[in-house]
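Student: Now for the letters of each chain:
Protein chains: 2
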Amino acid sequence: MRVYNFSAGPTMLPLEVLQEAGTNIEDYNGSGMSVMEMSHRSKWYEPIHNECIALVRELMEVPDNYEVLLVQGGASQQFAAVPLNLLTTGKADYIVTGNFAKKAYEEATKYGDIKLVATSEPEKYTYIPKTTRADFREDASYVHITENNTIFGSKYHTLPDTGNIPLVADLSSCIMSEYTDVSKYGLIYAGAQKNLAPAGLTMVIVRKDLIGHEMDICPTMLKYSTQAGKNNSLYNTPPCWCIYVMMLNLRYLKKIGGVKEMEKINKEKAAMLYDFIDNSSFWTNPVAVEDRSMMNVPFRSPNEELDALFIKGAEAEGLVTLKGHRLAGGMRASIYNAMPVEGVKKLISYMAQFEKEHK
Amino acid sequence: MRVYNFSAGPTMLPLEVLQEAGTNIEDYNGSGMSVMEMSHRSKWYEPIHNECIALVRELMEVPDNYEVLLVQGGASQQFAAVPLNLLTTGKADYIVTGNFAKKAYEEATKYGDIKLVATSEPEKYTYIPKTTRADFREDASYVHITENNTIFGSKYHTLPDTGNIPLVADLSSCIMSEYTDVSKYGLIYAGAQKNLAPAGLTMVIVRKDLIGHEMDICPTMLKYSTQAGKNNSLYNTPPCWCIYVMMLNLRYLKKIGGVKEMEKINKEKAAMLYDFIDNSSFWTNPVAVEDRSMMNVPFRSPNEELDALFIKGAEAEGLVTLKGHRLAGGMRASIYNAMPVEGVKKLISYMAQFEKEHK
Chain A
28 MRVYNFSAGP TMLPLEVLQE AGTNIEDYNG SGMSVMEMSH RSKWYEPIHN
78 ECIALVRELM EVPDNYEVLL VQGGASQQFA AVPLNLLTTG KADYIVTGNF
128 AKKAYEEATK YGDIKLVATS EPEKYTYIPK TTRADFREDA SYVHITENNT
178 IFGSKYHTLP DTGNIPLVAD LSSCIMSEYT DVSKYGLIYA GAQKNLAPAG
228 LTMVIVRKDL IGHEMDICPT MLKYSTQAGK NNSLYNTPPC WCIYVMMLNL
278 RYLKKIGGVK EMEKINKEKA AMLYDFIDNS SFWTNPVAVE DRSMMNVPFR
328 SPNEELDALF IKGAEAEGLV TLKGHRLAGG MRASIYNAMP VEGVKKLISY
378 MAQFEKEHK
Chain B
28 MRVYNFSAGP TMLPLEVLQE AGTNIEDYNG SGMSVMEMSH RSKWYEPIHN
78 ECIALVRELM EVPDNYEVLL VQGGASQQFA AVPLNLLTTG KADYIVTGNF
128 AKKAYEEATK YGDIKLVATS EPEKYTYIPK TTRADFREDA SYVHITENNT
178 IFGSKYHTLP DTGNIPLVAD LSSCIMSEYT DVSKYGLIYA GAQKNLAPAG
228 LTMVIVRKDL IGHEMDICPT MLKYSTQAGK NNSLYNTPPC WCIYVMMLNL
278 RYLKKIGGVK EMEKINKEKA AMLYDFIDNS SFWTNPVAVE DRSMMNVPFR
328 SPNEELDALF IKGAEAEGLV TLKGHRLAGG MRASIYNAMP VEGVKKLISY
378 MAQFEKEHK
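Protein chains in written order, with the working numbering: chain A, 28 to 386; chain B, 28 to 386.
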């Protein structure tokens, strides 16, 4: 029996996508081999690769002056790749809104003069700090934000005004969950294991004029120029299977109506869950209402014993991986694109029942 | 119909491994989810991860003073990671025996004083240069070799004598194809997409005393210390599906008798093919007999037109991806662990038929 998996990532994929991947696993479309066995330079694999990138461009309406790159190493590797590629003035400004934002900031300090413009750490990352254009240094190479905070459940709903300074954003846990105006960013990166694909793949969308200015010490595999242009993310062997499943997943997203339709469904799911929590005197969510994430919803019962009891009881109902991150405690329901509305309804129903039994 | 795939990588996996992966693709062992959907910190995934690493240790008889790390980025990323982690004296010595060895050498020159001790490039990489202990600098941090040359089909059958200087070797295209005495190396790395797993995974086996001396500029994700010890290659999200398939593949290798049994089969396959080529006045292999690879066998007919005709004809027989690398031309049969003896026999049979028709 399939469960509803509320993991923060890796997490659910649409059943239809898994089924198609399974059907083809010994012989992809008459090639006589699995996608896991194909040369990345073969006539069988290349159409998969190119369709994946074309679907990203189509679904996110990526402007022509941006490259879509498929790389490895996760967002954590981009924490170094971003400064190594973009720090042309030696200065960059960071806003810290969570654990991963802080890691990105700390990694960047190895490579230049990095300003911590604002942080919500003293308030346990329960809100997004407000900034104005004047907070950023005029000669900063870029401003870095983590758009959605996976662990603490906050999100930028209005991007900071950085004027002409390129905005760099980690969209790992909100990519393709809602409409994104790519032209507002210098660079977007995202680990694939939440809304895109199985773990082991990272997507970078970067404005072309920002490519090619990397530091001498930048490893070849971390340079955007290595995978851009005619190399087409095939400089070395890519994670072909992850790219294949991502392609199937994007085909599915297109079929159901694309990112804007997905956004409607995601809004509905998040509204249901937050409304239920806000109308309860038992369950609480600590995040400022205007900054709440649509993807990651942390919540707590009145005490830790009840939290533990709830997590155990939920698992028996097929509602799994609800334990909060060790830095946050309590519970967290990650309701990414592939979580059906029914999964959220079932969670709310179990939360209501648990509340009745333990109030 | 399944084909015999002679790709240099990604390449064949045992059918049994693909079948098991397919059977579990929607619901792994009653977890209610695919391995592609599992949190890497879940009770379902962790046993897979730990079994994979334990099987590497068992099958390769890895001594206790070595770490086995599962990372991302391919061998190409290790070309930078090796000097960034190991170049404690600022000096290292490289032997260049092929295209990837040259890339490793060039990348290292960005980070220190790198000596090109020997190269077979002027002879189109058709042999392994002989070296003695005196060729290496006493204060070199390490000596780097590419043990098997995937493109040109040569292999170190006797390791260079480096005295007390740690030997670092790229084993991407020969890992677990034959017995390896791990204690002779300071560090071994290998992209997984030839003998281990689907593309997107890289294995590093490193002597513990060499970990933790990285340069300040080393990106966190390229430090061996980031994934070593208690982090257990789970510092960030690993490529879980690739690790799962690698675990299945290693279980299979263990079942058929382990690396020593695999070595016997590989020797048989390679001997059959080389004997056939050497006994033919039509087919040729350019590599010095004592340096020939057991995994990658380049060969040519008398001219390029016949090469093209052969590749096309072979494909119609279900013998695919035989085209040589663009730098080498001609044909190349990569006969990794998962290529059955029958595949090599069928190739030889078609080569004999083609020779008869076109001599």
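Don't read these hints as lab results, they were simulated from the structure. Don't take each hint at face value.
A pair holds if it fits inside one copy or across any two, identical chains being indistinguishable in the list.
Keeping only pairs whose Cα atoms sit at most 27 Å apart, straight-line, the calculated DSS-like set for lysine-lysine is [to be verified]:
| id | residue 1 | residue 2 |
| --- | --- | --- |
| 1 | K257 | K129 |
| 2 | K130 | K257 |
| 3 | K118 | K137 |
| 4 | K70 | K373 |
| 5 | K291 | K118 |
| 6 | K372 | K142 |
| 7 | K235 | K137 |
Student: Compare the structure with each hint and give your call.
Tutor: Going down the list of hints, with the structure as the test:
| no. | hint | verdict |
| --- | --- | --- |
| 1 | K257 with K129 | between (34 Å within a copy, 22 Å between copies) |
| 2 | K130 with K257 | between (32 Å within a copy, 19 Å between copies) |
| 3 | K118 with K137 | both (12 Å within a copy, 23 Å between copies) |
| 4 | K70 with K373 | between (45 Å within a copy, 23 Å between copies) |
| 5 | K291 with K118 | neither (39 Å within a copy, 58 Å between copies) |
| 6 | K372 with K142 | neither (43 Å within a copy, 65 Å between copies) |
| 7 | K235 with K137 | both (25 Å within a copy, 25 Å between copies) |
Violated hints, listed in ascending order, are 5 and 6; each of the other numbered hints is respected by the structure.
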